[in-house]
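Just so you know, the protein sequences line up as chains V and R, in that order.
Here our numbering = 1-based position in the first sequence + 9.
Here our numbering = 1-based position in the second sequence + 384.
No lab work stands behind these hints: they were computed from the structure.
Treat the hints with care, as some may be off.
To be verified - Facing chain R, from chain V, some residues (calculated, C-beta under 8 Å):
(1) Ser15
(2) Phe18
(3) Asp22
(4) Arg25
(5) Leu29
(6) Ala48
(7) Leu52
(8) Phe61
(9) Ala76
(10) Asn77
(11) Ala81
(12) Asp135
(13) Arg146
(14) Val169
(15) Ala172
Glycine residues also receive a C-beta, built at the ideal position from the N, C-alpha and C atoms.
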Amino acid sequence: MSGAASWSFREEDAARIGALLDRLLAESSARTALLVDRAGQMLATAGQAPQFDPITFATLTAADFSANDQLARLLGENEFGALFHQGEKDSLYLADVARRVILVVLFDHTTTLGLVKLRVRGIVGDLSRVFADMFAREGAGGGGGGGATGSGRAVEGGFVGEAEDEIDRLFGGPA
Amino acid sequence: MSLINYASREVNCKLVYYGPGLGGKTTNLEYIYEKVAPASKGKMISLATETERTLFFDFLPVDLGTIRGFKTRFHLYTVPGQVYYNASRRLILRGVDGVVFVADSQLDRMEANLESMQNLYDNMAQHGLDLTRIPFVIQYNKRDLPNAAPVTQLEEAINPGWPVSNPARQQPTPNPYRPGELLISEMNGAWIERVPYFEGVASRGEGVFDTLRAVSKMVLKTLG
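Next comes chain R alone, as it looks inside the complex (with noise of 0.2 Å):
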């Protein structure tokens, strides 16, 4: 939940990164740290394990600087992907404002995507958060490994959509991100929603600032 803090002047927001175990989150964050200006960015912290694995989350605000007068900022945070530490991953989802999902683009890792999915989902669900409601972008990483599965394939089984209920959406709307690719579409007679993707091979960077351009400006849009 965005705080608006008309006594300091600040506006704060808060995105998590999620997904899979060794999917990439934390080499999402360690990019935008070491990328963004020095006077934009705060310190980072991970809570890891001594074999550098995210234990609690890793956390990273970053600055947008004064915006007619209000400090604005975002908190990044990773959650840990292995499957065991979900209480830490539902704790990282109180106040979120945006979730970005890194997805592992390997074949074998489609279970582990499904399931880190619907774990999102569920969590989402027990802070009263509905998914589908807040701002959300998936990446999908690993794009450079021989094993990465089509985006199409990726995109059936992680990013099926959710149906559009309200009449006045029903309509095509076009992927900001994809020209001639479609957000909210007709099929079979059904109108659904699918949410932006990316590629992404966040080692080299890749993809890793399209992602969270796009997740913070959705993030900002909820404010105005």
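So here's chain V without its partners, still in its complex pose (with noise of 0.2 Å):
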């Protein structure tokens, strides 16, 4: 068992996935499309800017996911792989990502649930292969930084201490 640890989202990360985000959206006519990991962070968006809030969406998303993979266990599944949500107007479709991310489709009536479906399954073996070799660089301790510290620090020297002050400044003075 360990301690908590940091991973990091690179620069490199960010443009392989949001040329596949990208491709994705071509091709099925979809809106916008969110990749948010199962801890509830938002990691990257492509396509339409979203109109709600982005840290709301990634908390709920991941807690949605992570709670209908427990009724998926409890049918004698090992998960559900994806969901879908239909509203009037908008509707989402959501699938996983090599166990720890979720790719969230948003849609409207400009395209089809069956277009989305079949573009998010084949572009999720893609996003899959850049997740495991991102887990892969943080398994081996090459998560610090992307050269941003050159250190082996997760942050550059000195973000500790000025969040340290910002903590005292908003939570009220020294402890």
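Fit chain to chain and form the complex, with the hints in mind.
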């Protein structure tokens, strides 16, 4: 067992993922694609900028997917690999990527669920490979910084001190 | 697990408030929500029952602003305290960076505190996480109630400490939050480590920010 770790999402990761999400949107005619990690943090968005609060959205997406995972297990299924939420105007299609990330596609009546499902199926394998590379890199201890720190630290020197000062300011004086 | 997003220049850390039912976890978050400057807080979400008991979780994002070019944010979660909501509790612990255990100081809640602490340890282990190795603090809440147990009694029961096996750390280590007290000490020939604790009356805000400040700094240190 371990303590809490950090993982990093580099600019080159964002570029690879952004290209895949753009392709998905072009092929499916969906509006927006988002990637959320299972702990509830937004990783990337592509397409039309969301009109909702992305932090809240990421939290609820992770909770939704996790709760449905447990439902699947109650039924004896290993997982529900994808979920669909239908609205009057907008709908969501959610799919698992490499068991650590959730792909969310937001679409409206300009496309169909069938086309979105088909294109998502096509892209999940590519996204899984990108994340597998990232996790392998993190596992090998290469998470620190994408060259940003050059010291093996997750953040550059001085970050922690400044963040602590900000905590004192925001939460009311030094502890 | 903290996420450092170099593409969007963001650092996100996840804090979870754990503890027995009706112990004051949601009250902690509500007080933080009420007091933090509007520009620094996001929307608070509560997935609760009709009687306002937490069903799945409460969530509050708190923004520290941009530090060294990185937008830095803490995601605060509570879990449902009631015993039968364990599946929800386990899910919320996924990717956790720091834990606050909100204990109920009342004597008749001692059993519930201990049961919840064991449950926390077990659920962390299911995620491959060792509670003794992550930022962790305890808040003894409801100190204003007449049937509140003495803190020494709560400490003995809830925070007895775990063995320190690393010889380099086997030395008296002061508790930075309690002058004159130790976090690492020798007892009967064995070295043990306790976690920092805070006394609180969350309904009046007492101890709420001391607790949050301590755990959030402990989490930040893991990044440096």
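Is the interface hint satisfied for V/Leu52? The criterion is a beta-carbon contact with chain R at less than 8 Å. holds (7 Å)
Close enough to count: is the Cβ of V/Val169 nearer than 8 Å to one in chain R? holds (4 Å)
For the hint on V/Asp22, does the least C-beta distance to chain R fall short of 8 Å? holds (7 Å)
Should the hint that V/Ala172 touches chain R count as held when the rule is a Cβ pair under 8 Å? holds (5 Å)
The hint names V/Phe18 as touching chain R; please verify it with the least Cβ-Cβ distance against 8 Å. Holds, because the Cβ-Cβ distance from V/Phe18 to chain R comes to roughly 4 Å (cut-off 8 Å).
Does the closest beta carbon of chain R sit nearer than 8 Å to the beta carbon of V/Ala76? holds (7 Å)
Taking 8 Å as the limit, does the beta-carbon of V/Ala81 come near enough to a beta-carbon in chain R? Given a least distance of 12 Å, the restraint on V/Ala81 is violated.
Holds or violated: the hint that V/Leu29 contacts chain R, with Cβ atoms closer than 8 Å. violated (14 Å)
Restraint: V/Arg25 near chain R, CB-CB cut 8 Å. Satisfied or not? violated (10 Å)
Agreement of hint V/Ser15 with chain R interface, Cβ distance less than 8 Å: holds (4 Å)
Residue hint V/Ala48, partner chain R, criterion CB-CB below 8 Å: For V/Ala48, the interface hint holds, since the closest Cβ of chain R sits about 3 Å away, which is under 8 Å.
Interface hint for V/Arg146, Cβ within 8 Å of any Cβ on chain R: Since chain R brings no Cβ nearer than about 13 Å to V/Arg146, farther than 8 Å, the hint is violated.
The structure fails hints 4, 5, 8, 10, 11, 12, 13 (numbered hints given earlier, in ascending order).
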